[in-house]
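J.: Each chain sits in its own coordinate frame; assemble them with the hints.
If you want the building blocks of each chain, they are given just below.
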Amino acid sequence: MTPDYALEFRGVSKRYRRFTLNDVSFSIPRGYVCGLVGPNGAGKTTIIKLIMNLVRRDSGEIKIFGLDNRRDEVAVKSRIGFVYDSPGFWEDRTLETQRRVLGPFYPAWNDRTFDRLAAEFELPMRQAFGKLSRGTKMKFALAMALAHDADLLIFDEPTAGLDPVFRREFLQRLSALLQDEGKSVLFSTHITSDLDRIADYITFINRGEVACSLPRTELLDTWAIVRGDEPALRGLAPAIVRGRRAGRFGTEVLVSDAREAARTAGPSAVIDRPSLEDVMVLMVGEDVDAA
Amino acid sequence: MLRRLFLKDVTLNPILFWGAIPFFIWVAYALREDGAPVGMLMAVSGLMGAATASTIAAREDRFHATALLASLPISRSSLVLSRYALALAAGVAAFAVAAALAALLPWSPHGLAAIFDRRSVTMALVVVGMSVAILLPAALRFGLVGVVALFAVLQVLGAGLYFASTAFGFQQPARLVFGSVESSLLAFHAHLSDGGVLALVLGLLGALLWASWRMSVWLAGRRDL
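Chain order of the listed sequences is A and B.
Here the first sequence is numbered in the working numbering, starting from 189 and rising by one per residue.
Here the second sequence is numbered in the working numbering, starting from 32 and rising by one per residue.
Any given hint could turn out to be false.
[To be verified] Derived Cβ-Cβ restraints for the label pairs, each shown as a range:
| id | chain 1 | residue 1 | chain 2 | residue 2 | range |
| --- | --- | --- | --- | --- | --- |
| 1 | B | MET246 | A | PRO217 | 36 to 46 Å |
| 2 | B | TYR193 | A | ARG322 | 46 to 56 Å |
| 3 | B | SER108 | A | GLY318 | 43 to 53 Å |
| 4 | B | ALA183 | A | ARG385 | 20 to 30 Å |
[Stated by the list, open to error] Partial pick of chain B residues on the chain A-facing surface, computed with a CB cut under 7 Å:
| id | residue |
| --- | --- |
| 5 | ALA101 |
| 6 | PRO104 |
| 7 | SER106 |
| 8 | LEU256 |
The set of hints was computed from the structure by calculation and includes no laboratory data.
Nothing here was measured: the structure is a model prediction, and the numbers come from that model.
Where a beta carbon is used, it is the ideal one built from N, C-alpha and C, also for glycine.
Chain B extracted, bound-state conformation (with noise of 0.2 Å):
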């Protein structure tokens, strides 16, 4: 079932996957220079490919598709589970495709040990995970308005960090919060193995991945549509 869904996913939405080709030709063009982030560009290839593919519910949601979906014999856990499988696949993918181009391109000169440096996988990995874990849900329960809405509402989420930090005397609040995700990471890292960090946080992505899916069943068990 969740392959027939898998399937049905590619087959009848392959527009948003088109729309993804002038993200990856700016990737191949950011990739010529020797100074370039690859790591960075290629998980943000990673979070296009996930938050596109996050948004296809949203994109049915418009023709009154979602309500055919759930009309046919298959349970909304099914289809919430098939929406996971997808926007991680998407996910992955993207990064995919910016490693190949990373690797493939004549004037790109980054090696293959820079393409592949655990940091850039694991970085990767984290913002595909967390993407799916927060877009998800919203986009279940409330469609293309809950995308936005989520949108707007990290918009504000960030505007009032920004004013209560200042308020309180820190002048860089985005280095203020990222600063202490970067210290307890390292603070991790001085008692683990760099293994042990890598299964930490994929243990971590994991527990998120699954309690938004639970979420995510929950909320898409109480839509009316």
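Looking at chain A on its own, in the form it has when it is part of the complex (with noise of 0.2 Å):
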């Protein structure tokens, strides 16, 4: 185990009745913001309240920061700082009186940072939290997040349900605070046009397993989407196929290798690469076992 790490995930599992999240290992180095996607129902936020030990892991190891998340449980959490899909604030309270009781439960908690970013986001403060937009309710999550330097932060769909004009300015404003902090950033998400500009590393999570975990660049630049009709696919080897899908007009597949794929594909076949949401939903398509 290297400190170097901010996250390190190392064969958790966590069973449901109807969900099961198996054996996923992945780390983030510290400094890195990492992706985390999958389609709805993949096991993204398990993933998160495993981090958090809100739930209880059946087995594995979860480190932050070289500290175990349960033994070190407060040490670890004092250094977290967290959006959540559901941001769980008291409905009937005002922003001002939440940030007063909460704030101080942080060692490094800091009112100038806050008051700061209340300013920037124009937080209302003397309104109560239920009834703000979600846009507003996200930022005023995020303006808690990161009023006491946390070293790790971790988003839970952040922008899910903001329409696209708020979900490009929470982006900007997050990318712009992320930009010259240095932290280490989980980003759970199933938009995967939310990660393009500030992903460093991607985890895919598809049905509760991880199905690939490496550097954003890594991935966009040596795979690929090889699209052609059967015969030209054909001489693809299996270990570089990780998804497959039948369309009316052919057949995409693709391929963890592109230069693999231009030697070996037909003649016809045409190779592109791939955008996030093309990795998503290729992998999602089909398994790499099936294809």
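T.: In structure tokens, the structure reads:
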């Protein structure tokens, strides 16, 4: 275990009656942004709840800055800022009251930082939380997460349900805040375009398992989509095929080695660079084993 | 940390305490009669205060605040301890308000001796302590559903006791249960002084609360939020 990682998941499993998170392993180097991507119900929120010790893992190990997230729970949580899909603040209390009451739980809470962020986000501090729009609620949650100098920020679907204009503004502000801070971030989303500008690493979750976890540049530079008819795709080595989807105008195959695909695919095949959305859609479309 | 959690509960959930005002208006009204059971009214006030504070956990479940709280740098055992402290404090505070009403309202005929009668105070302490010890594990583990289910279970147990006892020929099962408790206490009292009985009751209550707190810590630690 090296403390150079902000977050390490090793063989973590959690079994529910109708869903199992199975043997999940991935890590985030300190100071990097990791996008946790997957369709709804893939297990992203369960992973975040496991990190925050909101649910108990059945097996495996979770380390945050080298500390066990259960044994060193208080020390670990004082270094984490979080924004949940359902923020969980008190609906009938004003933002000012909640900031005054909840902020001091953090040893490094900084009123001046919060005030700066509140002014920047134009937060209506005298209004009850329940009366705010979803976008403003998320901005308040973000200000609370950033005002105690957290080393690891965890965002669980923060942009879900936001309109496109607000979503863009939220991401721009987040991106600007993260740029010079050197924070480690885990950003869970099913909207892959959220990660286009900010993620350094991508971890894909599908059906409770890690489908892949690697640097975003490696994913976008070395992976490829090969389009063509069946004869043109027949030569692709099964070892590099990561997903497949058959459509009306042919078949799309996601491969993890663009050079190898160019060498082995038929001449009529078309090879493109994938977007994160392509990767997610094709991975969810069919299992590698079945391809 | 405990003080901060206590402050958090009181500041963020005041609506629960405002909700006690109609209850105390009723207490004030009920105190006007000379024969009003002042000790019982104060015990019921304590019960109301403790039960109201015990349901804060259930209220916070409704808007996911439990998950937010559990994400703050606080251990779950501290969270649980703060709930017990708040519920007991609310029970004692409600008892104190009822006692103040009985002592200060111009139409209350009750003297200080009747209000602070040792038996009344002991009864109030037992009622507050037992309600906290029983309610909180259910509220902390299962939220509002747990509290409602607990009352449902108590109802079913009561009905079961009634049918079982009438089947065996007892006509007044409640009297049977409380009568046996009373006779046990009287038996103790016959061998102990008043102070000894009070010490025994407080000791048993403390043990019950400690066991309930340990169980709540265990249950809360196993709860998936």
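J.: For every hint, state whether the structure bears it out.
T.: Hints, verified against the model:
no. : hint                              : result
1   : MET246(B) x PRO217(A): 36 to 46 Å : holds, 42 Å
2   : TYR193(B) x ARG322(A): 46 to 56 Å : holds, 51 Å
3   : SER108(B) x GLY318(A): 43 to 53 Å : violated, 30 Å
4   : ALA183(B) x ARG385(A): 20 to 30 Å : violated, 53 Å
5   : ALA101                            : holds, 6 Å
6   : PRO104                            : holds, 4 Å
7   : SER106                            : holds, 6 Å
8   : LEU256                            : holds, 4 Å
Of the numbered hints stated above, those contradicted by the structure are hints 3, 4, listed in ascending order.
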